[in-house]
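Starting from the structure of chain A, add chains B and C where the hints point.
Protein chains in written order, with the working numbering: chain A, 541 to 682; chain B, 541 to 682; chain C, 541 to 682.
Mixed in with the good hints, there may be bad ones.
Just so you know, same-sequence chains aren't split out, so a pair can sit in one copy or run between any two.
List of simulated lysine to any residue pairs, SDA-like, C-alpha gap at most 25 angstroms [stated by the list, open to error]:
#1 648 / 568
#2 620 / 561
#3 620 / 657
#4 648 / 553
By construction, these hints were calculated from the structure, which means they are not laboratory data.
Small disclaimer: the values here were computed from a predicted structure and weren't measured.
Listed here are the chains, written in short residue letters.
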Amino acid sequence: MENIIVTSLIKKTMKIGPDIQDLTLEVSALLEESRIRQGVIHLNVIGSTGSLTTIEFESGVVQDLKDAIERMAPRGLEYKHELAWHDGNGHSHVQAALMGPSISICVKDGKLQLGTWQQVVVINHDNKPRQRKIAITLIGTR
Amino acid sequence: MENIIVTSLIKKTMKIGPDIQDLTLEVSALLEESRIRQGVIHLNVIGSTGSLTTIEFESGVVQDLKDAIERMAPRGLEYKHELAWHDGNGHSHVQAALMGPSISICVKDGKLQLGTWQQVVVINHDNKPRQRKIAITLIGTR
Amino acid sequence: MENIIVTSLIKKTMKIGPDIQDLTLEVSALLEESRIRQGVIHLNVIGSTGSLTTIEFESGVVQDLKDAIERMAPRGLEYKHELAWHDGNGHSHVQAALMGPSISICVKDGKLQLGTWQQVVVINHDNKPRQRKIAITLIGTR
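So that you can see chain A by itself, here it is in the shape it has in the complex (with noise of 0.2 angstroms):
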């Protein structure tokens, strides 16, 4: 049986951060487009101001989740990235870097191996809207 990779990217616009935005449509796509029944997708953002997890994607949970972002590295302190670049990020770096850049989910009879109030979401963490990409790898087979 042979193994198949895939590669292939999402774009998905965003406010300001932290900004949250569910991606579970654009991948389940991209897993039903590869035909894959096996195997797994790997999914890392691209840039140092982004992040991925999982979360029940519900107003309530978002807004409880970006409390939280901004609780472990709130925007009004002083960063020393800073005194070199003025670019009034340094929280979004640090937020960015502790939410981690990349999740693998499984995939088995054709199926993201998420729960029913599960979804993949990709956050921006920057301080100004971005059009964040996401690379996806989808390895496994038919």
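Okay, now just chains B and C, sitting in the frame of chain A:
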């Protein structure tokens, strides 16, 4: 040399969160069964109130990690999730999203590339006991 | 098209934690050597007091991330791990578990799918200098 892809599932009965359980024996058994010598094992928790990481699975560290998780997103705060759903687990969703749903461990010479005092653990963050499911995909050569 | 699987190891001499070092050159060299064009690179730190993420490897951001890591699990707290082991690194274990042991970076057209200002870094959280080992598995097609 043919690449092997094997999918599997681990189930773990867990207490009210944060509860932390060691998966290393189950993961090692799946690796042995697959007869993969070089490759990688991917794990992701199914459900938005669980997470995966590695720690030294020693009762002191386990308690210290629980304490740190509670500090990041304490139960006592006002969570927007509660306003709509009233299920008392706003902190569980936030904790799980911050920790992340997936890890991948490399395999060399048929062995998990972990330290002696480093175990694979699943965390139940939910405010009720759960049977947590962890999706697994092993990829490699024999 | 045959899939290639290559395993490797990067070693990094590191200072007392939190110490953050750039691995991007080493990872890029392994990718080039493998001649993989489409696929993914998996990295996991070996040992329970290390972690991996990506950041803009600039001295200001590096210091800001160290400060945030210390805020999440400060050295000064009372850790249960200390009561049994007295090795003074309770905070190291907690920090590493929160950050996570593994990341995966997609590969397209022979290139790591990272931003220009986004580097792969290993973090030593331990309270003594360590030679950190990072396990690598590359999977892809040439």
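Looking back at the numbered hints, which does the structure fail to meet, lowest number first? none
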